[in-house]
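**Q** Chain by chain, the residues run as shown.
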Amino acid sequence: MKHPLLWGLVLSLSMQTLLQAQETNGIRVFDQEVPEESEREFQFLAYWFSQAVSANYYPTNDFLRGQVFGRLYGQNTTRSTDTATTYYVEQRLLPFFIYQPKLFNGRAILRASFEIDFTWGDASYGSGGNFGGAVAGDQVNLQTQNVELELIPYKNWSINIGLQRMYDNPNNPYRTLFGKLTNTGYRLMFWGTDATGISVRYNGDYERMKFGAWQFYENLIQTDDDVNMFEALYDRDISRSWSLGASINYVRDRASGQGGPSILGQGLNSTLSNYNGSYRFPLGQNPYQADVFWLGSFYTHNPDYIEDRWMATGFLNYNFGTVDTLTTGENYGQISSIGGYTFNSKTGYRYGKTSGSRVELDVLYTSGDANGISDNRYSGVLTGNNWGSPVSVWISHGAYILFPHGNVVNRFVSAVNDVSNLGYGLMGGTFNVYHDIIDNKLNIKAGTAAAFSNVNPQGGGNQLGVELNGRISWQPQVYMQLELHAAKLWLGDFYDSPAVNANSSSRPDNPWTVFLTYKWLMF
Amino acid sequence: MRKAILFLSGMLLLLQCSPYQKLSPMKSMVEDLRYPFPVKFQELSSGPRMAYMEQGQGAETIILIHGLGSYSPAWKNNIPALAEKYRVIAIDLPGYGKSSKGPWTGSLEFYAESLMEFADSLKLKSFHLGGHSMGGQISMVAALKYPERIQKLILVAPAGFEPFHPGQKDWFRSVATPSLTLLAKPRQIRENFAINFYAMPEDAEFMVEDRIAMRSAEDFPGYAYIVAQSIKAMVDRPVYDYLEQIQQKTLIVFGKDDMLIPNRFLTGGSTNDIAKIGDEKIPDSQLIMLEKAGHFVQFEAFERFNQSVLEFLAP
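In order, the protein sequences belong to chains A and B. Everything in the first sequence is counted per the UniProt record's numbering, starting at 1 for the first residue and increasing by one. Everything in the second sequence is counted per the UniProt record's numbering, starting at 1 for the first residue and increasing by one.
No lab work stands behind these hints, which were simulated from the structure alone. Computed from a predicted structure; not experimentally measured. The C-beta atom is built at its ideal place from N, Cα and C for all residues, glycine as well. Any given hint could be a false lead.
Quick look at which bits of chain A chain B covers, simulated, 3 or more residues with Cβ under 8 Å [to be verified]:
{"no.": "1", "segment": "231-242"}
{"no.": "2", "segment": "301-307"}
{"no.": "3", "segment": "393-400"}
{"no.": "4", "segment": "437-446"}
List time: in silico EDC-like cross-link candidates among lysine to aspartate or glutamate, alpha-carbon distance up to 16 Å [what the hints assert, rightly or not]:
{"no.": "5", "chain 1": "B", "residue 1": "K292", "chain 2": "A", "residue 2": "D308"}
{"no.": "6", "chain 1": "B", "residue 1": "K85", "chain 2": "B", "residue 2": "E311"}
{"no.": "7", "chain 1": "B", "residue 1": "K185", "chain 2": "A", "residue 2": "E37"}
{"no.": "8", "chain 1": "B", "residue 1": "K232", "chain 2": "A", "residue 2": "E37"}
{"no.": "9", "chain 1": "B", "residue 1": "K152", "chain 2": "B", "residue 2": "D279"}
{"no.": "10", "chain 1": "A", "residue 1": "K441", "chain 2": "B", "residue 2": "D273"}
{"no.": "11", "chain 1": "A", "residue 1": "K353", "chain 2": "B", "residue 2": "E291"}
{"no.": "12", "chain 1": "B", "residue 1": "K185", "chain 2": "A", "residue 2": "E207"}
{"no.": "13", "chain 1": "B", "residue 1": "K281", "chain 2": "B", "residue 2": "D241"}
{"no.": "14", "chain 1": "B", "residue 1": "K22", "chain 2": "B", "residue 2": "D32"}
{"no.": "15", "chain 1": "B", "residue 1": "K22", "chain 2": "A", "residue 2": "D205"}
{"no.": "16", "chain 1": "A", "residue 1": "K180", "chain 2": "B", "residue 2": "E191"}
Okay, chain B solo, but in the shape it has when bound:
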């Protein structure tokens, strides 16, 4: 009887535990998200207000674009190192992070145009462009559409190298609903982030915590909307057939343990094979595969990544 009481007491004590107890719900993503560097804003003529972080004083500028569902702090391990030699600007795409939410189409062309208008507003005639995952696909669209504006291209585990047939694209369109984002519970959210890493580092937990806390924000439905739009946009604007036309010198970086590329449900196979497709198709490219790094390769293997980028950009 005594053992049973002890057991039940222990159980009750354990059941009092809970993760994320210190997390405060957000009222507004724009107001309450905490960024590692000062944030500036730029109004665009098409409606959205874009948030960005800017560091460094170099003569050349690098603009960094985050991936699907992410935001500019995803570059926090890269900005300081790159800012030692370059002016580094990490943007929040319209609908993401501290940028305004709204009924944007989310098409990759829309994002490429927004990027150019943003660059115009900063009087940037040309710049290096780096993009992670979906940001990589947007970067390729921008490079193809505005070849004279983009100096060098840095593709970080980019989407777009993996072809999908029309049926798969339709499937993506049908499952990409805002509910996927709106209804995700903390455990699912954490898994969604964890699968981006070879071994999720402790300093990446802020992304999970932000994502959990932002569910109560007034602009969260707008975020959920744009995530769904972005998935549709990626399948609606494949770049696979246009890779040969990319004129810029291009650095492609993948983590060898990327569990998102290729798509683990639809296709399976080796990340290396997909990376090689892009490397072979893009005329002036170099491919780097980093060991013990997942899809968030620039965050997880930031020292090796930063070094590779600096070497690539060096004159």
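Next up, chain A with everything else stripped away, as it sits in the complex:
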């Protein structure tokens, strides 16, 4: 085959001759054929989000102005007060570029998306040193969110390569609405962020599979000092409207706390844990090796409230493994075991015509104890928040301050920001009532949330707090929403403890927030 173009031409001419012969012989082979169309080659989507926020909690560290995440009263310096109130406007644009070359007939898709965030009048999350917004606001603030290639080698199979969404969910995150992703599988409670790696998915008629290999951290490329995650997930429809899944994840951590966001590091012994409210293993600066597994099962029924009036979703997940610390003499030998579990159940009932008129109860239990690893066993929960932030984004519960809310540009802060609750564990939940005043147009919501720690921190009790919240939202156009939110959290006696309230001698002021948001998913 020295001249493929020539052979192609010959083949093409032969086919044309054959077709003409069929037509001239009067064979009506094409009468019933329907025209075929290819998919669109280029698509641009964008998500616009802006909000005006007032609250009585904020970081007290100048360095963290505009970008702060993690646990209220944690090392990120967020504090609530009755002496100052925030007023600010922030905005985010997520542009998505999708290119699907026609020559590959839908079997190769390039996706790239970016985050352009800032606070009005500030250069937060940017660089360049220009402050002042409108008059001197030039700044470098384009972050890469996703750059990934999806290949479809066979029907129902897809391979995604690159920086992509690694959600703990059986559905393809690029073909599923975000609302469903936060209400199925593990609801992004463990892994709800973007990461570099490769994932392979099968999406069949009644079953879905996902295999992933991820590189969280690569320090010295010639050295085994990396953090990797491997996962396998299987989900199956066991009846017309119920599905059941199971999964296993494995994190191999050889980085000993190196890397991670900014100066915080990442890993089991990093300062990151003090920011986001996960358990910080007291390993000091000693090198360590950790092998952590998550084994779980999840179920889903009717997450969109379409098939009938009841919705149910939930999971049970057990995390286990070991942390092995390098002691004197260059031997790894101080081993602590890990064994904790998470149970979540969310049930909803649609009492009205649309899914906008519903009630939902969301219950969460995480294990934990007071003694950390002093007994050589960590009994609490581990999430992705130990290796990044925010990685574990449980945001579909309806609370705002007790648990984190999804209306976020770069301030992702709540009382219980990581479900491990500092390794103490918790029992909590939310109850929400939604009502469509005008179907699919004008909606109101009222909710409450409460949580109790499994452990009383020194000097404190087990009540984390009780929250009341409300929201009114109006959809003037398709996928465009104007929303007014308000929430207040009454802190419990858990926060009487200086160990969890930033060494304060008294319980902090109850945090509250009010914000007006404008969202538009453009497509």
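We have chain A; now place chain B onto it with these hints.
**A** Frame of chain A, contents of chain B only:
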């Protein structure tokens, strides 16, 4: 350990379960779809062969047209009751059900013309015409185009009362691709049907099963093609501005819990408001809103629907 083994065994047992296990894949929609009444066929000069079910011996005839993506068995709860007094003919539009698939334009005018040729072939000079959803919009086009042929009009949750601006129409055209139909998985298919009902009845499951099974049929790509063409056709031939010109006595029936009209993504709002627009614009119309019924109102609330139609058609 024993509990863990029991748990894992239970999980494995559950994972053996699967819905629709008894479903046989179809080779041909024309051959393998099972209809509740005997099926006849009529060749049209424009090419397609139309399938239809005919019941009843009445002096007057009612022709029923199904909605988007549907077929004539969608009228199975209505045909027996109406056939007690009327000759009832439920058709499969070209490209749908047992009718032949092909490169039909799918325009509403094409369907109206096909309907008239079909009626001619049965020597029907005039008849009552009923249409569900897209079939309702086709019925209105036929009533406007051939006013002398249509006696009374029955519009069942009809498309066409809800106006869309040019940008929305273009959006519909761009998203209406055969892939939407070709690639839909069983769960999505079931949701697509379920949203048509206030509470999907068990006897509507046959529609879901047919739709899942037909994916393997040789004529399924032709079906997927015509569904996309039909969506484009509905936005290309709005009837909103012509409703005042409908001359026939018209019955409009909606389910109060219709979740498809108005469009829940593009506009939102009340079904009642949209229904009233049609009722106010069509000169000789009456509107009935049925409680606890969705978009498939004639199937879900068939007793109340049948009674309303019989009362409407009575001399």
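**Q** Each hint needs a verdict: does it hold in this structure or not?
**A** Hints and how they fare:
1. 231-242: With 7 residues close enough to chain B, the hint holds.
2. 301-307: It holds, with 3 qualifying residues against the three required.
3. 393-400: violated (count 0)
4. 437-446: Three-residue rule met by the segment 437-446 of chain A, so holds; n is 4.
5. B/K292 x A/D308: Distance ~13 Å between B/K292 and A/D308 Cα, so the pair holds.
6. B/K85 x B/E311: 11 Å, holds
7. B/K185 x A/E37: 20 Å, violated
8. B/K232 x A/E37: 14 Å, holds
9. B/K152 x B/D279: The hint holds at about 15 Å.
10. A/K441 x B/D273: Cα-Cα ~14 Å, so holds.
11. A/K353 x B/E291: Holds - the C-alpha atoms of B/E291 and A/K353 are around 11 Å apart, at most 16 Å.
12. B/K185 x A/E207: Holds, at roughly 10 Å.
13. B/K281 x B/D241: With a Cα-Cα distance of about 9 Å, the restraint between B/K281 and B/D241 holds, given a limit of 16 Å.
14. B/K22 x B/D32: 15 Å, holds
15. B/K22 x A/D205: Holds, at about 14 Å.
16. A/K180 x B/E191: 14 Å, holds
The earlier numbered hints that this structure contradicts are 3, 7.
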